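Given the structure of chain A, go ahead and fit chain B onto it with the hints provided.
Protein chains in written order, with our numbering: chain A, 1 to 436; chain B, 1 to 328.
Don't take every hint at face value.
Said to hold, decoys possible - Keeping only pairs whose Cα atoms sit at most 20 Å apart, straight-line, the calculated EDC-like set for lysine to aspartate or glutamate is:
| # | chain 1 | residue 1 | chain 2 | residue 2 |
| --- | --- | --- | --- | --- |
| 1 | A | Lys412 | B | Asp55 |
| 2 | B | Lys216 | A | Asp252 |
| 3 | B | Lys112 | B | Glu164 |
| 4 | A | Lys220 | B | Glu256 |
| 5 | A | Lys373 | B | Glu256 |
| 6 | B | Lys50 | A | Glu411 |
| 7 | B | Lys244 | B | Glu198 |
| 8 | B | Lys112 | B | Asp28 |
| 9 | A | Lys57 | B | Glu303 |
| 10 | B | Lys191 | A | Glu411 |
| 11 | A | Lys264 | B | Asp309 |
| 12 | B | Lys56 | A | Glu411 |
| 13 | B | Lys216 | A | Glu251 |
| 14 | B | Lys191 | A | Glu427 |
| 15 | B | Lys57 | A | Glu286 |
| 16 | A | Lys373 | A | Asp357 |
| 17 | A | Lys429 | A | Asp382 |
| 18 | A | Lys220 | B | Glu164 |
| 19 | A | Lys57 | B | Glu184 |
| 20 | A | Lys220 | B | Asp28 |
| 21 | B | Lys305 | A | Asp252 |
| 22 | A | Lys412 | A | Glu427 |
| 23 | B | Lys148 | B | Glu256 |
| 24 | B | Lys191 | A | Glu251 |
| 25 | B | Lys216 | A | Glu286 |
| 26 | A | Lys373 | B | Glu303 |
| 27 | B | Lys32 | B | Glu164 |
| 28 | B | Lys305 | A | Glu251 |
Claimed, not checked - Only part of the chain B face toward chain A is listed, based on derived beta-carbon distances under 10 Å:
| # | residue |
| --- | --- |
| 29 | Glu184 |
| 30 | Tyr190 |
| 31 | Lys195 |
| 32 | Leu258 |
| 33 | Asn259 |
| 34 | Ala274 |
Hints were generated in silico from the structure; no laboratory data involved. Please read all numbers here as calculations on a predicted model, not as lab measurements. In this text, a Cβ means the ideal position worked out from N, Cα and C, and glycines have one as well.
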Amino acid sequence: MPDKTIFNKSDEVSRRQFMIGAAKNCLGVSVLPMLGATVATNDTFAAAPPMRRGAAKSVIFLNMSGGMSHLDTFDPKPQNQEVQGPTPVINTSADGIQISGFLPKTAAMMNYITLFRGMRTNQGAHEQGQYLLHRSYPMRGTIVHPALGAWVMRLSGRRNTTIPGFVSVGGSAENATGGFMGAKYGGVPLGNANDGLKDSKRAHSVSEPDFNRRLELADKMNTTFHGKFKQKQIKTYHGLYDEAIKLMTSEDLKAFDLNHEDIKIRDLYGQNGFGQGCLLARRLVEHQVRFIEVSMGGWDTHNDNFVSVESKCQILDTALAGLISDLERRGLLDSTLVALGTEFGRTPEINDNTGRDHFPRAFSCLMAGGGVKGGFVHGETDRKAHTVKEGIVTPGMFNATIGHALGLPTEKVVNSPSGRPFTIGDEAKPVKEVFA
Amino acid sequence: MMLNISFRNLSISFTVLMCLQLIGLGQDVDYKKHIAPIMASKCNSCHTAKKKESDKKPKAGLVLNTPTGIRSGRVLEPGDASNSELYIRVSLPKNADDLMPPPDDGSPLSTKEVALIKKWIDDGAKFSSGSGGALGKIPADLDARKVKSMPAREPNADAIAYLEDLGATINPVSATLPEYLSVEWISTYYKITDKEIEQILHIAANVVEADLSRTKVTNEGLKHVGKLGRLTHLNLNRTEIGDKGIEALADLQSLEWLNLYGTKVTDASMPIIAKYRDLKAVYLWNTAVTSNGLSTLRKALPEAKIVRDTDDRAGRFDNLDDPGKFDF
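Okay, chain A solo, but in the shape it has when bound (with noise of 0.2 Å):
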């Protein structure tokens, strides 16, 4: 005799992998990267409207993994040969700033970007720093916090609610966890900006007529499957289905297929992977989505510092100068926040490879977009780049400036399952100087 208890016995994951393989056999579908992110968001402020006016309603940031230089990016000195190296150094389209030669479209931008010259973090190692990047908190051993995207979530809710709220694109799916807030808040991964949702589409396979008699057949025995275990539980597990058949056949899922965009754009953001994540991180926005991270590694540049940011530069140049031109003149800038992040800056001191190492205590992030101004530098190194002069920025109040950027009470506590009281930032106070 079926008992309902088999149900509540088996934990979450064999759950799950049993919703793969019924989802698989039955529909020809998956949709499983969906789940955390579509189900059921009960407890989110449902819909909050932005607290301020004029606040950002999307977010893309940025991932420069591996620890970017300040120095060859955009904190140069080039009165000072000994640290600066060969990189060059140009005027941008702000008075009075300069940045690196390896980015020329982005310095003809610099009337849209904010940036912060004097952030400093107390992490030196990628793992860590990383970690603290994007959730506030150092790593423990004892919880997993959730990323920033997740505070989003947890914080606003999805604005469109047929398509997932926060995707990561690239990098490691770490970077989307929901941490203690549980796999709802948590972001869907993707690999490759080119292979957009991956499983959403009805398999070749399985012809329209089939695929709806499978979904009759499957109704029809969930009917009573459903009148024997009245559980909520098994009710959000065929909110998955409906969730999944919403998505298949909704509008919005264009939005991650990257062959509906003319050549000359996906040309502007440059054809790579990172430039097509900032093309569809662009398509989600103008989807509603809440959250999009891109990442970028390559960073870590112990060898060869001035070679390998050269190149890194050149693909970060045009796909970021791209991402800002095309919110701009589509009219989402202003209600776009673009936030570009790295772990820690790099040693001033030239090695004897040519390199950099990791240097925690003075580097650069920016911002543009999402109500931030244009043409300004918060934060100060002094003239080795060495250490922060003034304008210190932690991750965590960097964070809590995209937190205030979109409105959200950055001061509001979500506390852990164990009842621990946790922030979107740590505590820390959003950067307001940085709004215009």
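Below, chain B alone, put in the same frame as chain A:
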């Protein structure tokens, strides 16, 4: 145990049927008349939106005292009560853990109340009385000036419910200004025509932002939009509208932000746009507007941001592909 459950189901469905007969099968279940009172007496003591900071939080974050709360609480599957949490949770067996209201603090819904909720959801879970008829007629002589002189009182909840039934998303533009609203069509944009857009006029005095991008709005439909005298933000990007449509917007003198990219507007619209004295930003990418048109605008609105693919004043976009041309 199985026998027991199926008997119970049988008996529930049976009583549901009986009750539907009692209230009359042909009769429509109305949210305001039938459903809201059930919520008020059985649900809202726990599931009510906070009005001030000191109020207690709604249980499970679920707000059941407003249409917006119920809609965003993800407890409805319009047209299918048996898949709707709202119905399932009130119709569970009396000893079920998940039954609402919780058996130990509150009286369960009566069989009649359960039947009403089922029929209401099965009929589509409409919050308005359907045709919008109950809202009264939109006055034929409404215009932008009249709208602007109306007091912006608390918005008509029935009209908002009606627009939301038409797929609109409506929010206050700020928590501190609850009477000023933005109207947008997310996900449903491709189905929206002049007919739906006209219905915004039911809340004309409250609407300050309207996003009609990618809808099927036509020049004719902009005659309705032209009456929304309090509009500060209007998004028409990637619609079929052109110069005739812009003519109909001439009275929108509060406009601060206007997005026309991907439309059929030409230089002929520039004199009208040039008269929006408060305009801070206008977007004209992918239109037929020429440099002549732009200079007309720029002369009239020297402080405004005018974006065509390029912001000529700052020389920002033109040379993206050849940064060498920049003269730093």
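Which hints, by number, does the structure contradict? The structure conflicts with hints 3, 4, 9, 10, 14, 15, 16, 17, 18, 20, 21, 28, 31 and 34, although it agrees with all the remaining ones.
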